[in-house]
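As you go down the protein sequences, you meet chains A and B in turn. Under the working numbering, the first residue of the first sequence carries the number 1, and numbering increases by one thereafter. Under the working numbering, the first residue of the second sequence carries the number 287, and numbering increases by one thereafter.
If you are wondering where the hints come from, they were derived from the structure by calculation, not from laboratory data. C-beta atoms are modelled at their ideal positions from N, C-alpha and C, and glycine is treated no differently. Treat the hints with care, as some may be off.
[Claimed, not checked] Sample of chain A residues facing chain B (criterion: CB under 10 Å; computed from the structure): (1) Gly27; (2) Gly64; (3) Asn112.
[Unchecked claim] Calculated from the model, a selection of chain A residues having no Cβ within reach of chain B, i.e. all distances over 10 Å: (4) Asn14; (5) Ser16; (6) Leu65; (7) Leu85; (8) Arg87; (9) Asp93; (10) Arg95; (11) Leu100; (12) Arg111; (13) Gly147; (14) His202; (15) Ala228; (16) Ala252.
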Amino acid sequence: MTTTTVSEGIRIRNVSKRYAQQDEANGTLLVLDDISLDIAQGEFVSVLGASGCGKSTLLRLVAGLDSDYRGEIRVDGERVRDTSLERGIVFQDHRLFPWLTASQNILAALRNAPLSTQQKREAVAEHVALVGLEGFEHAYPHQLSGGMAQRVAIARGLVNRPRVLLLDEPFGALDALTRGRLQNELQRIWQHERITMILVTHDVDEAIYLGDRVVTMAPRPGRVKRIAHVDLPRPRERSDARFVRLREQILADFSDQPAPADHTTPGSGLRANAHEPRITEWRLAW
Amino acid sequence: MPSTRPLPRLFSPRKASGPPPCSCDAPVKPERQSALKQRLSAFNWRGLVLPLAAFALWWLVSALHLVKSGLLVSPADVARTAWQQIQSGALLRALSASLAREASGFVIGTAGGLLLGAALGFSRVATRLIGPTFDTFKQISLFAWIPLISVWFGLGDMAKVVFLSLAALLPVAAHTCDGIHAVSPRYVEVARAFRYSRLQMARFVILPAALPSIFTGIYLALIYSWLATLGAEYLLVAGSGIGNTLIDGSEQFRMDLVLFGIIVVGATGWALNALARGVERRVLARRTGVSRERAAA
């Protein structure tokens, strides 16, 4: 199931995370339950799951935005305790600063980078080109389309030349056409930059299309359900028979997902149940 | 493959990292003219109907001598008084005295408000220490301080400036503090991902994000301090000022002088309002989408 142990790359070991619950003074909510995952340097891993399965939480832990968890996360052998310029992150909402232009937003990521002004300027120009936004350097976020804003966000995530890029449903808010185009761009960037990428998504197609492996997570509490290797040559063809078979297997995982009664916190009012919309239904809903 | 892309179109390397790439490269004059034209065509002419009708009615009533009272003066009387006030320099003296007070009170109050608001917004200790007092303080009507101020500072300019500073301080402090608290944690998270220090966070994330709210506070301070100028001149009666012109008029039953004073006060308020709006628009235009030409280009 898992890859061979590596000193390089990301090691996630027995990670559990609890949130204090709002409605109950006594209880805490287990959002991640004993997650273990190894990711090799340069690998593209898709983390797939319905909303509420803790996949974004896992990403935030790897990013270092939240250090309150049990277990251990190591990146290149070093324990994650805080954020790092070695780990770039792209959020679903682009989170560009509205008072800065596109290039200034990218430059803002370099504020603490050990580069000269000239080097920073060059790095910004280079990454503007990387995401194909020449001509829009001086545009403010409100002047950009959703897809363009997300490109700026990707450039901002990459400009520090991180070893890992974490993507939290980066294309979730985009229309289908833009999403497809940006998926191809992301793949091109990944092949070009040769860095590790973790993509959190609830889109099965996207997960298979981009990932070397697809990690499927089950909700309540969030845990790894299955890890599928995608041994298809890139660029992948969504109508390829093997692609379709893999998708069906993964979707079947979600469809006949039994209620995990043993994991349910009693009285939490958050029973995992059959009424949960299936991933297929969601995709139709878009 | 990215390096072989065609050269940027709008991108000129010279200005690549110049701090705010404003639209200074565009020809300024024609843009201004068209903006003025746009403003004129967008102006709500119908808004003039009511004042013009009121003026016509007033003129009609006084011209036909429908009301026999010394308290109803004709527009011509007011115009004559206005001319006399302007010519004798009385208007200039009164207005400059008032505006000088307004300006010093506004500057002192705004500076204090920014400091206080920033302290309340950034520091948890300050919030716990000063917060409750400040919140209570806000609830006290400004005019309730007048007796205290007059005891401490007399009736002269000093007392008035203190009163005006107070009037300006409250909205600036409140809006600065609120603006800082309202900054989205999503931006803070981005800054954390880039390892911003606390100081960098405050300088490059919190303050720019809070700027619109801070501007609202300063804008209100300008308006409030002008309103308070009149109040101060009424209640701390000493020296000259446009408020004293009004008082003189009412004491001498000179309604022409009173009406003239009211017009001056209104016009000054309107001018201050327009000034504040103009500055605000200029500073915040870039992010709110007023300058849309660039996106189209």
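Consistency of the hints with the structure:
no. : hint   : verdict
1   : Gly27  : violated (24 Å)
2   : Gly64  : holds (8 Å)
3   : Asn112 : holds (5 Å)
4   : Asn14  : holds (25 Å)
5   : Ser16  : holds (22 Å)
6   : Leu65  : violated (6 Å)
7   : Leu85  : violated (6 Å)
8   : Arg87  : violated (8 Å)
9   : Asp93  : violated (7 Å)
10  : Arg95  : violated (5 Å)
11  : Leu100 : violated (8 Å)
12  : Arg111 : violated (6 Å)
13  : Gly147 : holds (15 Å)
14  : His202 : holds (20 Å)
15  : Ala228 : holds (29 Å)
16  : Ala252 : holds (36 Å)
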